Amino acid sequence: MTSIMVSRIRQQQIAQLVADGKRLDGRGLKDYRPIQLESGLIQKAEGSARVRLGKTEVLVGVKIDFGEPFSDRPNEGVLTTNAEFVPLASPEFEAGPPGEESIELARIVDRGIRESKCLDLEKLCIIPGKKVIVVFVDVYVLNHDGNLVDASTLAATAALMNTKIFKYTVKGEEVVKKPGFTPLPLKEIPVSVTFASISGKLVVDPWLDEEEVMDARLTMTYTKEDKICAIQKGGAGTLSPQEIVEAAAIAKEKTAENRKILVKS
Amino acid sequence: MTDKEKVKEKVVLVNEEGIRTDGRKVTDLRPIKLEVGVLGNADGSAYIEMGKNKILAAVYGPREAHPRHLALPDKALLRCRYHMAPFSVEERKSPAPSRREIELSMVVRKALEPAVFLEKFPRTSIDIFIEVLQADGGTRCAGVTVAALALADAGIPMRDLVVACAAGKAGDKMVVDLNDVEDKEGDADVPVAYLPSFDAVSLLQMDGQLTTEEFQQAVSMALEGCKQIHVVQKEALKAKYQSIKEAVEVSEEE
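Going down the list, the sequences are from chains A and B.
Quick note, the first sequence lines up with residues 1 to 265 if you use the working numbering.
Quick note, the second sequence lines up with residues 1 to 254 if you use the working numbering.
Fair warning: there could be bad hints in the mix.
Incomplete in silico selection of chain B near chain A, CB under 10 Å [said to hold, decoys possible]:
(1) 94
(2) 99
(3) 103
(4) 105
(5) 107
(6) 109
(7) 110
(8) 113
(9) 161
(10) 199
(11) 207
(12) 209
(13) 212
(14) 220
Straight-line distance between alpha carbons at most 27 Å, and here's what the computed DSS-like set of lysine-lysine pairs gives [unchecked claim]:
(15) A:131 <-> A:177
(16) A:224 <-> B:173
(17) A:227 <-> B:184
Please keep in mind that the hints were generated in silico from the structure rather than gathered at the bench.
None of these values were measured; they are calculated from a predicted model.
Even for Gly, the Cβ is constructed at its ideal location relative to N, Cα and C.
Just chain A, same shape as in the assembly (with noise of 0.2 Å):
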């Protein structure tokens, strides 16, 4: 994603590996890093996940606010994602307005979000056309060695499902807070499977050295129901028809596996 250097004797061994079966840091094709999950860390925050994907680092905040709907969608509260790469993420990273790639990242996780129908929008609506509830989903890379796709879905999916919306009264036109709270509507739990292509061969959540030496990046979301609900095709290479059929019984596979991590937490 970035173009951190990596030297040409390690990129041609990651590539020759690859070519192989095998990775440099030892894991099989198929096999992502360890995945820690912690839910819940930001108070202030109504929802919030950290994951760590190897030494990948993603924290996840949800606010929630009142405002007003689309206009095209008036029953219907707000989602809005956004990603940022805070510059003590990596040092290519430099503070200033989005660039291409977290605006990218933050609209595959969106994606997976909105397309999933994870979030039950109908429910978060107060008064339509006039009032409904936002919900801000906002992706904090705190460390960056790679697949931030699947880091960022991962945490974002947590989030919501740890956030509790605060109760509220509807007097007029005026929402007011109540003590207490409800869980956030939601319907679905969408997983995503990232890939690299290196040597002409598929292999599930890349490091950052790995995609230095990848010629293209693929993600796929898939439900609960085995249904795929969001794809994006990442870097400057070009992938096979049989190579994406290939991704896609890999990623229902690898999807069902993590979702049992968001399921026990």
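Fit chain B to the given chain A structure using the hints.
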């Protein structure tokens, strides 16, 4: 039920005879018109009409990269701007680039990049500008198709002429080349960009929901669409040189 939902229920995207809202069958593409060399100043340009989509693409370069520090020592810098005109959609779109446009600029660039011999032009930039004048669903695909032609028109050496087409699910049927209504009211959309000579996919996205089997079907329908559009694309490129050839012949006769 609100009025909006009532309207929504009325939309039959594919009727019992398998005919879509614009009269097409599920495997039919929209009528395409492609024209190469339509702008005076650009090094290369092309125009596409696909259904109600009207999109212009222009290429400048290889030229000196600005700002200079962006120039790469070993290859050309490929840049792409996908932009929608404020009047291209139902409700006026702010001319400032949206997050969607920034993402699409990136995926379109990466769809075209594998085809371009960037290493032939170190320290330069090649800039692609795609302006959507009227949007009718599937603009990123039409954008890729027309930008590839603009690159070819600019004389930039390429491994292949990239072509793109979407397929998806609308009204419970798998359909190719979704129009605006099918895109908005349908169940899923899978845009695909393709390098026919290499049998390689350079853009793949999806929103909506599909089973693995439906997804595979969508990809093969999109690839079939790509192959059909590729024929039209090549003809459009030839037509430009045919017209130049004829003009030269006429002037020689005089």
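Outcome of the hint check:
1. 94: This hint is violated: residue 94 (chain B) lies away from chain A, its Cβ roughly 14 Å from the closest one there, beyond 10 Å.
2. 99: holds, 5 Å
3. 103: OK, holds: residue 103 (chain B) within 10 Å of chain A, min 5 Å.
4. 105: Status holds, d = 7 Å.
5. 107: Because about 8 Å separates residue 107 (chain B) from the closest Cβ in chain A, which is inside the 10 Å limit, the hint holds.
6. 109: Interface hint status for residue 109 (chain B): holds (8 Å vs cutoff 10 Å).
7. 110: This interface hint holds because 5 Å falls under the 10 Å limit.
8. 113: With a closest approach of 4 Å, the residue 113 (chain B) hint holds.
9. 161: violated, 14 Å
10. 199: Because about 6 Å separates residue 199 (chain B) from the closest Cβ in chain A, which is inside the 10 Å limit, the hint holds.
11. 207: holds, 5 Å
12. 209: Hint holds; residue 209 (chain B) Cβ to chain A Cβ min 5 Å, cut 10 Å.
13. 212: holds, 5 Å
14. 220: holds, 7 Å
15. A:131 <-> A:177: This hinted pair holds, its Cα atoms lying about 13 Å apart.
16. A:224 <-> B:173: Given pair residue 224 (chain A), residue 173 (chain B) holds - Cα atoms ~22 Å apart, limit 27 Å.
17. A:227 <-> B:184: holds, 19 Å
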